[in-house]
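Protein chains: 2
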Amino acid sequence: MIEAVERYIESQESQHLERLDAFLRFPSVSTDPALGSQTRVTGEWVRDQLAACGLEAELVETAGHPCVIADSGPADGGATLLIYGHYDVQPAGDESLWTSEPFEPTTRDGSLFARGAADDKGQVLAHMLAIEAWLKVAQRLPIRVKFLIEGEEEIGSPNLGDLVRQHRDRLACDYVVLSDTAKLDAATPAITYSTKGLVYKEIVVTGPKSDLHSGSFGGTVANPANVLAGILAGLKDDAQRVTIPGFYDDVRILDPGEVKMLEALPLDDADYLTMTGSPGFDGEAGYSTKIRRWARPTLDVNGLCSGFIGEGSSTIIPSKAMAKVSMRIVPDQDPEKISAAFDRAIEAAAPGSVRVQVSSHATAAAYVCPLDCPGIAAAVSAVEAGFRKKPVLIREGGTLPILPLFKDVLGAESIMIGFAVPDCNAHGPNEFIVLEDFRAGIRTAAHFLKQLA
Amino acid sequence: MIEAVERYIESQESQHLERLDAFLRFPSVSTDPALGSQTRVTGEWVRDQLAACGLEAELVETAGHPCVIADSGPADGGATLLIYGHYDVQPAGDESLWTSEPFEPTTRDGSLFARGAADDKGQVLAHMLAIEAWLKVAQRLPIRVKFLIEGEEEIGSPNLGDLVRQHRDRLACDYVVLSDTAKLDAATPAITYSTKGLVYKEIVVTGPKSDLHSGSFGGTVANPANVLAGILAGLKDDAQRVTIPGFYDDVRILDPGEVKMLEALPLDDADYLTMTGSPGFDGEAGYSTKIRRWARPTLDVNGLCSGFIGEGSSTIIPSKAMAKVSMRIVPDQDPEKISAAFDRAIEAAAPGSVRVQVSSHATAAAYVCPLDCPGIAAAVSAVEAGFRKKPVLIREGGTLPILPLFKDVLGAESIMIGFAVPDCNAHGPNEFIVLEDFRAGIRTAAHFLKQLA
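Protein chains in written order, with my numbering: chain A, 1 to 453; chain B, 454 to 906.
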């Protein structure tokens, strides 16, 4: 049967592209209140597409943009799969940097350029078209399939947690699949089995009530900028290990087999430095670049501001100094525990000659799918069939707060199959999807249903 | 004779105030190119006032605003005194914060409010009026007096060094007197005998070619903001001593008598914290607040900037991080030597995983007048006679680059006699001079000539 489905998919190429074109023309920018109605219309379009296939599909209201929930109904057997994705997109940004209009999809050199082509409309649509193909060819799906396509991913999914908890029975599943990640490189498909968590903090150090003359007052009262530099520097030791007490306590030891697998992945040092433009590597002593990147917790200063930052000089002791600091955490670090440990460490480091306030911007847990999970094996087979090449298994340093939520609330593991290339300009100008990857994505999604049956 | 001069000064009070009013009405804002012609007119007014007294006065051109040089001609004996000051003023700033117009002098509660009332027109005019009084009463001055009144002090005197070197013979003198400092407090007149020097630096740390995603790239390449925090923190040790090798090598040991004198000055801890609004004292271990403030070298971060500094969060590894750092230095630290030592220390602290650039914004030497200098004794007597109260001898943490220049080029010591109160709002809104201090200043300036005869 899968052969007939593949043939059908091939035969529908032009109408698949028409559908992708239609999806991408909606300016469903969730951050822009002026485009709120366009975002809703996009959700309605997704719901209608799924309903037209024969799924029971509904636009579910939230406190923000609505969410599409759909269900193919009970199947004869196999696993139940929840396909998660999002129909909202990032703003176009500076349109002068786009070669073609961000909401007028344009094909160049075998790729389709438009905002959302990769993140995430193109990847979501691949799954939808695979479902449609199965239903057209076989009149039924090999397994039960549900959809959860939200409209607020690009603003941090503020209402998704509540929605998943409210609809936990309706969303019940064995696996979640999402295609919002990337291949390892243009030639190598990848399944991502882990994401890091995030604890994002802001530190404000306050000293004098207003900026002071550094000549008249220097050396007598604390300078918040100097104090902040000391606090930040103290967060890591000379081996670039985070010094926050207990920080590493719950870090799960990597299985030697997994380490071997990750170390075997291609990652060229010279290419990496060229890509980042960094003069050299740096990071926690005792771990390779790959392991630091994918599997070790990190701490980064994301922003710094204090005093006089214009051209030239101004001889002041700043009244305030601010830093944004984020930590990427790994299994089994608990974000709330790390957050509290951070607060205590800052408090302990702060001298009495200043006031120090710490606030939180975000906390999210890491996620890892066990490598021996049958869903992973099914995905490997599906990608190999869809892309005609064996995928690699990789981790991702970024954060998807929804994954630990699915695990906690639905008890389901998540499988991330990326159909986009890593340099697809997801949040920048000239976002694109390689059309051959879009076709391979549809095939992969179709094969995945068979593999889970 | 001095009694007659004092009586004359008293009799001229109303016309002295008229002259002060006229001087303050000129918007001689040297930083504002649109007011360039007004600044020149102000210089011409000063020259004309001095010429009307009978001094040989000239407006000397520079590459910027002109400078007034005047000379009373040879006297029968005594020292030759050079009166230094400036006729330019700071911008008014936010005029909505002024109770009365900045360039319309207004008397309230015994003080005259206007931009330049204290810094420096009121103080310069006090010296001019003392000279005039002597000449009106005695037809001659007790000593030879010269004037050097510049129009670029508020923009850092960029052309004054060249001018002093060019006119070194014409400006030759035994002492320089300047009134551009303050009393210790409203009740206590002060003579300032030392200023700190300044070395002002900017550090730019560059890592990746553009901001990177802190999830995808964190832990692999150096974060310039973290690196900068480490470099800055390393500039001081736990005892708040500057760690730059050789930094303290040339610091002149204070004479125990001077330490005793400074320690005896009133400086109330609670008042000081209220004034600065700082939660507590901080600074180099082993020295009192007074000694740290007036006589120890200091290092302050004046500005910090890197990455994301808006509201909320952005998970980036910044491409760049910048800090402005200034050091106030004391006798006999050499600014060029300290500047080079700073550069070497930063270079040594910079890891190879980033690029670090250091640039200089300013270097200026400290100045100290020997306490046994006869000019100091003369000033003490003059202030006691003029203010009817014995002055204290203090140091100042700010920097006057002109003082070491006078010492080097003219071989003359500088005596700083302040007629303004410390909270005179010199660079802020509602700048003022207490009119009784203005009158005491004229008397002091008159007595000073007699003391130097």
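Certain hints may be false.
Said to hold, decoys possible - Lysine-lysine pairs mimicking DSS-like chemistry, simulated, CA-CA at most 30 Å apart:
id	chain 1	residue 1	chain 2	residue 2
1	A	Lys389	A	Lys320
2	A	Lys236	B	Lys773
3	B	Lys689	A	Lys236
4	A	Lys320	A	Lys209
5	B	Lys689	A	Lys290
6	A	Lys290	A	Lys450
7	B	Lys662	A	Lys236
Rather than coming from a laboratory, the hints here were simulated on the basis of the structure.
Checked hints:
1. Taken as a hint, the Lys389 (chain A) and Lys320 (chain A) pair is broken in the structure, with Cα atoms around 55 Å apart against an allowance of 30 Å.
2. Using a Cα cut-off of 30 Å, the hinted pair Lys236 (chain A) and Lys773 (chain B) holds, with the two alpha carbons roughly 19 Å apart.
3. Restraint check for Lys689 (chain B) and Lys236 (chain A): satisfied, since their Cα atoms lie roughly 17 Å apart, inside the 30 Å limit.
4. Only pairs whose Cα atoms come within 30 Å are accepted, and Lys320 (chain A) paired with Lys209 (chain A) is accepted, the gap being roughly 9 Å.
5. For the given pair, Lys689 (chain B) sits about 35 Å from Lys290 (chain A) by alpha-carbon distance, which is inconsistent with the 30 Å threshold.
6. Distance check on the hinted pair: Lys290 (chain A) and Lys450 (chain A) sit about 33 Å apart at the alpha-carbon level, beyond 30 Å; violated.
7. A C-alpha spacing of about 24 Å is found between Lys662 (chain B) and Lys236 (chain A), which places the hinted pair at or below 30 Å, so the restraint holds.
Violated hints, listed in ascending order, are 1, 5 and 6; each of the other numbered hints is respected by the structure.
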